[in-house]
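I would like the entire structure built from these sequences, with the hints used as guidance.
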Amino acid sequence: MFRFWQIPLLGVIIAEPGAQIGFVGPRVIEQTTGVPPPRDSHHAETLFRAGLIDLVVSRQDLRAIVAYLVSHLKRQEMPESDGKRLGPALNRNQLSAWQQVGIARHSERPTARHYIHRMTTRFLELHGDRWNGDDPAIIGGLAELDGQTIVIIAQERGRTPEEKEASHRGMAFPEGYRKALRLMQLAAKFELPVVTLIDCPNAQASYESEHRGIAHALASNLAKMSSLPTPIVSVIIGEGGSGGALALGVGDRVLMLEHAIYSVISPEGAASILYRDVTRAEAVAEKLKLTAHDLLKLGIIDVVVPEPEGGAHLNPDAAANALKSHLLAALREVRTVSPRRLRATRYERYRHIGPVGLSWREWVRGAIRDGFGVVAGLLRGTAPRQGSTQALKPMKPVRTGDS
Amino acid sequence: MGVRTTQEGPPESVLAQSFPLSPHPRQKRPGVLSTAGTKKKRMFRHKFSMPLAVKCPGCGAEPSRSALEEWLYICPGCNRHLTMPSRVRVETLADPGTFHEFDRGLVSVDPLEFVDLQSYRERLREARRVTGLRDSVTSGLCRIEGHRVVLMVFDFEFLGGTMGSVAGEKIARAFEEAARRHLPVVSVTASGGARVQEGMLSLMQMAKVAAAAAMHHREGLAFVSILADPTFGGDYR
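Residue numbers (the working numbering), protein chains in the order written: chain C, 1 to 403; chain H, 1 to 237.
Keep in mind the hints are simulated off the structure, nothing from the lab. Note that beta-carbon positions come from the ideal geometry of N, C-alpha and C, so glycine has one too. Mixed in with the good hints, there may be bad ones.
Covered, in the sense of this in silico footprint (three residues per stretch, anywhere, with C-beta under 8 Å from a C-beta of chain H), are these stretches of chain C [unchecked claim]:
no. : region
1   : 21-30
2   : 56-63
3   : 200-214
The calculated DMTMM-like cross-link candidates involving lysine to aspartate or glutamate, where the alpha carbons are at most 25 Å apart (straight line), are [stated by the list, open to error]:
no. : chain 1 : residue 1 : chain 2 : residue 2
4   : C       : K74       : H       : E176
5   : H       : K55       : C       : E45
6   : C       : K74       : C       : D146
7   : C       : K74       : H       : E219
8   : H       : K55       : C       : E348
9   : C       : K224      : H       : E101
10  : C       : K74       : H       : E157
11  : C       : K74       : H       : E101
12  : C       : K74       : H       : E177
13  : C       : K297      : C       : E348
14  : C       : K74       : H       : D95
Distance ranges between label pairs, derived from CB positions [unchecked claim]:
no. : chain 1 : residue 1 : chain 2 : residue 2 : range
15  : H       : S64       : C       : S71       : 33 to 41 Å
16  : C       : T121      : H       : A67       : 36 to 44 Å
17  : C       : G102      : H       : H182      : 52 to 60 Å
18  : C       : W131      : H       : V109      : 36 to 44 Å
19  : C       : A205      : H       : L201      : 48 to 56 Å
20  : C       : A205      : H       : F114      : 30 to 38 Å
21  : C       : T121      : H       : A53       : 28 to 36 Å
22  : H       : H100      : C       : H352      : 37 to 45 Å
23  : C       : V35       : H       : A211      : 29 to 37 Å
24  : H       : F114      : C       : D40       : 32 to 40 Å
25  : H       : A53       : C       : S220      : 51 to 59 Å
26  : H       : P57       : C       : G102      : 54 to 62 Å
27  : H       : M204      : C       : N321      : 50 to 58 Å
The structure is reproduced here in structure tokens:
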């Protein structure tokens, strides 16, 4: 069973505005080192920006916030499953992959904050990774979804130019991912379900982000999410780009909005690698199989959430309502499962993605293909290659590092 | 509610819309700090030994203590959050009349017989006289908007809110009590750190309370830590 010493000491830290907080006070620093620290070095707001404090709350609000926290940070009764399942969305749109990319990147497309405010009530955002910063590209906190307390973590691109600038167009620094992990561990402590909303071109790729350990942050998110002892439902709401998206996307159920995209690399990136020509992105987009219905066929996602005709930006509220009912259905399914089973099934789920071939079988296939062109053509038509995993003898499961 | 001006909210505040505030539960007279009627008087016998006006370090205004109690110790001139006595802090957080104090009887024993400009015993006597408290930490059981919690509050007026053996013991006991009763812990810190007059004994209180906090955490219970001005020293947050 899950043991609490595996996760760091987790409390919620609130500071009062203007409070002086630190290890050694500024006066002592000045007298021992001879150098006065900057004037605001120990202010609550400075520490808030440095990601060390969840919230700065003025005294009037303190009581309400504390009451909210103590009433929501506890184990909740499991809701009863009524067995209602929502059917998959029909593939009714005839749009090309490139048109889907256009809709997913549409400047009017609702962002994570819109969905959070439309779907949940009493969202209390918690800040900071308790290490070195607070990234506005990933937001998260506690919220009530139809009466049940959830921890919601979302990638926020920003709507206005200023917001986009602040959140680096949704490309988060390691701080953002560490904050996400911290909140997931907070959720695990109280067995609250985690909902993640994914919408980013990719994680931040820059010298600073490498320097602060983006690869390590993403990798530890993947590892910790795979064994998190609480339900995780991930939703791709816009552009799911590569590792930056997957680092919030290792869920028990993965939902995807109809016109969202989820890809190993942006079509432009793929075109420039494969053809050294960005203008061929349109053709590459088709081949990458990045649309919701393609990914459903590949078994990467579980549910396609229908969007209003023409895309979520034409009717954002209807899109949020549709997503809410699908989220509730997904949560009903996963919340009744025990944490131990949940972890085991999650492990199995990701363990078995991706077909592999056996050398002798591939050799025989090659020979048949070479020798009997007509027969091989028939074989390829009736038995697509994805089927080959089923015949494989499962490998002995590898023990996960921290279970 | 006695607050006159609206404060600047926390950065990117959504609090105002999502968390409508309930009116502050304030009593006419103090009394929430104790359960037994006879002890109540003793606790607040020296309440008015404190200076009657407080000077705001931000703007130099000198509001009276009675006015400040109405304004939650927020300076009327510059909206600065001033140091709040633990009694008022408990009153403003806990539901009226629900606070039951733990370990009222614990007092420091001056283990090192420490003397600097003034002896430690002398300092303790003075601090007790001025604040009406027995040590810097007050801990107890209360309800906050109906939810039962274990609350502990530091008083900065008592030797700078420093943590000696008594404070450490009270906090550790409060965490243990909370774990035993399966309750969350809310702490309000305003502390200068370890109490120098108790030497290494006070440093070790950090280890003691950290261990108690970790034990409480392992029970899967919530801990909300409120850092007030000033909080220094490697405290247990």
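**Prompt:** Regarding the pair K297 of chain C and E348 of chain C, is the alpha-carbon distance no greater than 25 Å?
**Reply:** Cα-Cα ~18 Å, so holds.
**Prompt:** Taking only the CA atoms, is the gap from K74 of chain C to E177 of chain H under or equal to 25 Å?
**Reply:** holds, 17 Å
**Message:** For a C-alpha distance cap of 25 Å, please report whether K74 of chain C and E157 of chain H respect it.
**Reply:** With Cα atoms ~34 Å apart, K74 of chain C and E157 of chain H exceed 25 Å; violated.
**Asked** Between K74 of chain C and D95 of chain H, is the straight-line Cα distance small enough, at 25 Å or below?
**Response** Judged against 25 Å, a Cα distance of about 20 Å means the pair holds.
**Request:** Sort out whether E348 of chain C lies within 25 Å of K55 of chain H, counting only the CA atoms.
**Result:** violated, 65 Å
**Prompt:** Is K74 of chain C close enough to E101 of chain H, meaning Cα to Cα at most 25 Å?
**Reply:** Holds - the C-alpha atoms of E101 of chain H and K74 of chain C are around 24 Å apart, at most 25 Å.
**Request:** Closer than 8 Å, Cβ to Cβ, for at least three residues: run that test on the region 200-214 of chain C against chain H and report holds or violated.
**Result:** violated (count 0)
**Prompt:** Does the structure keep K74 of chain C and D146 of chain C at a Cα separation of 25 Å or less?
**Reply:** holds, 17 Å
**Request:** Starting from the hint 36 to 44 Å, judge whether the C-beta atoms of W131 of chain C and V109 of chain H obey it.
**Result:** 40 Å Cβ-Cβ, so the 36 to 44 Å window holds.
**Message:** Tell me if the beta carbons of H100 of chain H and H352 of chain C are separated by a distance inside 37 to 45 Å.
**Reply:** Violated, since H100 of chain H and H352 of chain C (Cβ atoms, about 56 Å apart) do not stay within the stated range.
**Asked** Are there three or more residues in the region 21-30 of chain C whose C-beta lies within less than 8 Å of some C-beta in chain H?
**Response** With 5 residues close enough to chain H, the hint holds.
**Asked** How does the Cβ-Cβ distance of A205 of chain C and L201 of chain H compare with 48 to 56 Å: does it lie in that range?
**Response** For L201 of chain H against A205 of chain C, whose Cβ atoms are near 52 Å apart, the range 48 to 56 Å holds.
Hints 3, 8, 9, 10, 20, 21, 22 from the earlier list are contradicted by this structure; the remaining hints agree with it.
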